[in-house]
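> So the sequence shown is numbered by our numbering: it starts at 1 and just counts up by one.
No lab work stands behind these hints, which were simulated from the structure alone. Note that CB positions come from ideal geometry on N, CA and C, so glycine has one too. A hint or two may mislead.
Computed list of lysine to any residue pairs in SDA-like fashion (alpha-carbon distance at most 20 Å, straight line) [to be verified]: (1) Lys60 <-> Cys101; (2) Lys60 <-> Glu108; (3) Lys9 <-> Val20; (4) Lys60 <-> Lys9.
FRET-style restraints, in silico, Cβ to Cβ [claimed, not checked]: (5) Asn14 <-> Ala34: 16 to 24 Å; (6) Ala5 <-> Lys60: 21 to 29 Å; (7) Val58 <-> Glu83: 36 to 44 Å.
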Amino acid sequence: RVRGAAAVKMGMVNEWEAAVRDSPYAPFVVAVAAPAPRGGDAENESDVRAICVFMQQVHKAFPVTGSVATTTAALLSGTLVHECAAVVDGGAGQSRILRICHPSGVMEVEGAVG
Numbered sequence: 001r002v003r004g005a006a007a008v009k010m011g012m013v014n015e016w017e018a019a020v021r022d023s024p025y026a027p028f029v030v031a032v033a034a035p036a037p038r039g040g041d042a043e044n045e046s047d048v049r050a051i052c053v054f055m056q057q058v059h060k061a062f063p064v065t066g067s068v069a070t071t072t073a074a075l076l077s078g079t080l081v082h083e084c085a086a087v088v089d090g091g092a093g094q095s096r097i098l099r100i101c102h103p104s105g106v107m108e109v110e111g112a113v114g
């Protein structure tokens, strides 16, 4: 229902119930959480944990398109993703790497906001 309501707000469908039929791909729904405690396992360290619901199922990994939006949100103060993510605030336009922990591992995404 959340995805359907978002689809209505974006003008993709007129009623939330139509989102599964008329717009099964978008919008994505992503759930985020603070990173897991650092356990000394550098390979699995992350800045944020996330899962994405894609085509009405939890994505097996994390879609690249979703990673770009998640990284951008993590770098923008005032967003829920920023509140969850372990990122250091910096200057406008400064490039950062965000490590997203997802169901299949950890992906690194570079991003910057102006």
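> All the hints need checking, so say for each whether the structure fits it.
Each hint, compared with the structure:
{"no.": "1", "hint": "Lys60 <-> Cys101", "result": "holds (12 Å)"}
{"no.": "2", "hint": "Lys60 <-> Glu108", "result": "holds (17 Å)"}
{"no.": "3", "hint": "Lys9 <-> Val20", "result": "holds (15 Å)"}
{"no.": "4", "hint": "Lys60 <-> Lys9", "result": "violated (27 Å)"}
{"no.": "5", "hint": "Asn14 <-> Ala34: 16 to 24 Å", "result": "violated (37 Å)"}
{"no.": "6", "hint": "Ala5 <-> Lys60: 21 to 29 Å", "result": "holds (25 Å)"}
{"no.": "7", "hint": "Val58 <-> Glu83: 36 to 44 Å", "result": "violated (22 Å)"}
The structure is inconsistent with the numbered hints 4, 5, 7, although it conforms to all the rest.
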